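Enquirer: Model the full assembly from the supplied sequences, consistent with the hints where possible.
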Amino acid sequence: MSVVPVSYYLVLSAVLFGLGVVGFVFKRNIITIYMAIELMLNAVNLAFVAFARAHGDLAGLVYVFFVIVVAAAEAAVGLAIVITIAHNRRTLNVEDVNLLKF
Amino acid sequence: MSIPFILFFICAAAAVLGAVLLIVAREPIHSALALILVMMSLAVLYLLLGAEFIAAVQVIVYAGAVMVLFVFVIMLLNAGVEVRTNYSKIAKYVGVPLGFFLLLEVAYWMWGSAVGTTVANGAGAVNADAVSTVDLSNLLFRDYLFPFEATSILVLIAIVGALVLAKKGE
Amino acid sequence: MDFIAQHAVLVVSLAKIAVLLFVVMTALAYVTWFERKVVAHIQSRWGPYYVGAHGLLQPLADGLKFLFKEDVTPPAADRLMYVLAPFLALSLALTTLALIPFGPPSVQLFGQPVFIVANSSIGLLFLFAITSIGVYGVALAGWSSNSKYPLLGGLRSSAQMISYEVSLTLSVVGVLLLAGSFSFNGIIEHQYGSIRHWHVWPQIIGFLCYITAAIAETNRVPFDLPEAETELVAGFHTEYSSFKFAMFFMAEYANMITVSCLATILFFGGWLSPFPDSWKWQLYLPGAGLVLLGLYCAYDTAVHMRGIARIQFAVVTLLCFAGGLICLAPSVMQVIQGPFWFVTKVIGFLFVYVWIRGTLPRFRYDQLMSFGWKLLLPVSLVNLVATALVILLRHG
Numbered sequence: 001m002s003v004v005p006v007s008y009y010l011v012l013s014a015v016l017f018g019l020g021v022v023g024f025v026f027k028r029n030i031i032t033i034y035m036a037i038e039l040m041l042n043a044v045n046l047a048f049v050a051f052a053r054a055h056g057d058l059a060g061l062v063y064v065f066f067v068i069v070v071a072a073a074e075a076a077v078g079l080a081i082v083i084t085i086a087h088n089r090r091t092l093n094v095e096d097v098n099l100l101k102f
Numbered sequence: 001m002s003i004p005f006i007l008f009f010i011c012a013a014a015a016v017l018g019a020v021l022l023i024v025a026r027e028p029i030h031s032a033l034a035l036i037l038v039m040m041s042l043a044v045l046y047l048l049l050g051a052e053f054i055a056a057v058q059v060i061v062y063a064g065a066v067m068v069l070f071v072f073v074i075m076l077l078n079a080g081v082e083v084r085t086n087y088s089k090i091a092k093y094v095g096v097p098l099g100f101f102l103l104l105e106v107a108y109w110m111w112g113s114a115v116g117t118t119v120a121n122g123a124g125a126v127n128a129d130a131v132s133t134v135d136l137s138n139l140l141f142r143d144y145l146f147p148f149e150a151t152s153i154l155v156l157i158a159i160v161g162a163l164v165l166a167k168k169g170e
Numbered sequence: 001m002d003f004i005a006q007h008a009v010l011v012v013s014l015a016k017i018a019v020l021l022f023v024v025m026t027a028l029a030y031v032t033w034f035e036r037k038v039v040a041h042i043q044s045r046w047g048p049y050y051v052g053a054h055g056l057l058q059p060l061a062d063g064l065k066f067l068f069k070e071d072v073t074p075p076a077a078d079r080l081m082y083v084l085a086p087f088l089a090l091s092l093a094l095t096t097l098a099l100i101p102f103g104p105p106s107v108q109l110f111g112q113p114v115f116i117v118a119n120s121s122i123g124l125l126f127l128f129a130i131t132s133i134g135v136y137g138v139a140l141a142g143w144s145s146n147s148k149y150p151l152l153g154g155l156r157s158s159a160q161m162i163s164y165e166v167s168l169t170l171s172v173v174g175v176l177l178l179a180g181s182f183s184f185n186g187i188i189e190h191q192y193g194s195i196r197h198w199h200v201w202p203q204i205i206g207f208l209c210y211i212t213a214a215i216a217e218t219n220r221v222p223f224d225l226p227e228a229e230t231e232l233v234a235g236f237h238t239e240y241s242s243f244k245f246a247m248f249f250m251a252e253y254a255n256m257i258t259v260s261c262l263a264t265i266l267f268f269g270g271w272l273s274p275f276p277d278s279w280k281w282q283l284y285l286p287g288a289g290l291v292l293l294g295l296y297c298a299y300d301t302a303v304h305m306r307g308i309a310r311i312q313f314a315v316v317t318l319l320c321f322a323g324g325l326i327c328l329a330p331s332v333m334q335v336i337q338g339p340f341w342f343v344t345k346v347i348g349f350l351f352v353y354v355w356i357r358g359t360l361p362r363f364r365y366d367q368l369m370s371f372g373w374k375l376l377l378p379v380s381l382v383n384l385v386a387t388a389l390v391i392l393l394r395h396g
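Residue numbers (the numbering used here), protein chains in the order written: chain A, 1 to 102; chain S, 1 to 170; chain U, 1 to 396.
To be clear, the hints were calculated from the coordinates, so they are not data collected in a lab. Check each hint, because a few of them may be wrong.
What the hints assert, rightly or not - Chain U side only, calculated, beta carbon under 7 Å to chain S, not exhaustive:
{"#": "1", "residue": "S132"}
{"#": "2", "residue": "V135"}
{"#": "3", "residue": "A139"}
Note that the structure is predicted; figures quoted are calculated from it, not measured. In this text, a Cβ means the ideal position worked out from N, Cα and C, and glycines have one as well.
Expert: Encoded structure:
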């Protein structure tokens, strides 16, 4: 019982993804919702790396690289939008940002 | 009880703990710290899977730059304690258990599959050597050159966009 | 012996970690002494000379003072982060020292290299990873103190650290292109030969960018506005007292030592000697140097010291002579070459650090940020592109 099969990593990835979805649906603070999205992206990265190891194909690692870069770009723009909304609506609660025009 | 086995379980436990803390924490700064814990334990898991360069990139870029950005924004906006709202009863008592049932089903299907039983660490591990950075960069800069250039333009667009958005409208 | 041979990796690693921790903590304490003495002499005064001969026991007195001070926690502070921040800062600063090779990997005990704790093939990348996490120690300290000055100081300091981190990493990539390896031993092996082969000559611009970015990264003068006394009380560690403040203090000096070690490895040949290997007289240098130091200490003891300081300095003299004689023993002579050159170069860098601290005024914050983004980053990028072009043209 001292081997770690790939399925352990995949199950962990699924658990983290599920927890990310729960956080995304149930949280009210916009920054926390964004962090749940990042958690989901990380879970997917883990699945990619596990499969890259299982098949011996390095393309999985290249995809992980791109996911990380795109997540960084998305975080930059997304947080800039969050700052703008916070300044205009003076609230970080997504339930309060429900009108198309202020 | 080999070292990779113990290490896997410690890191998996830390990752799940961090994810649960992310959801349960009342202040966003604690959620951010929990997410950093998840990212660091994932970096160790990548090392166990032999992806040294990706583990280092995860720590430098994701945990060391993206999360710093999150922490800055939380500090600047002074995001306080989260407001507790009433979730719909259906979501709490039917939705979450159904979600976990879906998860269990996926896990069960993966467990017995051919790829699932491939051993990653320990005796009989496939592709047991760490991936060398040379091989990875050969792939990145030859076969995947176009996506590489496209993502660099994407990052440039993101920088310009963030700068424009962050200027208090003139 | 059998047990040790079987579990060589574990036992030797634990021994190395213990020795390294002890040496580094002592070095940290005496870097503070070194800094106070050098800055004092630059400013035409003596510095600490009362506590022990030549002030050599001053770090001990400071350490005891920190231990016995009252530990005050601000009332509305976030307890978990308030306690976590200094631990994070210090533990990360000390972890980086595990990757650094103090001597050649060929010197081995039970099959394990003696002079490096963690011999990794991507050591440089790991070091940068650990450095980039170090930003959190500062940011969390500023936030958790729940007070204006620390928050501003923490935000400014962490913004400065992440800005200069980019230039720091880029200025090193030129060296990576030359050496073709991420591992420290590979980079040092590429500089084998004599002083003519060191990376500082082809990468002089990269070296200057690295030194500037490193001083900014470790929050030292002239880039230390976030913790300057006249500007922000004490910046992000205003609300810390006693042992937690001592931990921040130690973390800053440990970062200084790490950055100096990195500069010697990347640009100045690490543990290689500046003279070619064929000059056999250089084997006597460590021993001869220590004996000369012992002679100077003996002169000082006899002529200048009085009372208890005389006894203390006589002990120092005896230690120098003993060290010198040990270094002249044939079996030790070969082994001590690597660490001797490494330590000499690191002390040289620390002296440059302290010299700059004693001489230059500090930048204003907006000057600091515009310098980092508008001057240092483009120069590092140009250095990288030029290095890549030259390598490409040379090797077709």
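Enquirer: Against this structure, judge whether each hint is valid.
Expert: So, going through the hints one by one against the coordinates:
The restraint placing U:S132 at the interface with chain S holds, with a minimum CB-CB distance near 3 Å, inside the 7 Å limit. At its closest, the beta carbon of U:V135 sits 6 Å from a beta carbon of chain S; the interface hint therefore holds under the 7 Å criterion. A distance limit of 7 Å between C-beta atoms decides the matter here; for U:A139 the minimum to chain S is near 6 Å, and the interface restraint holds.
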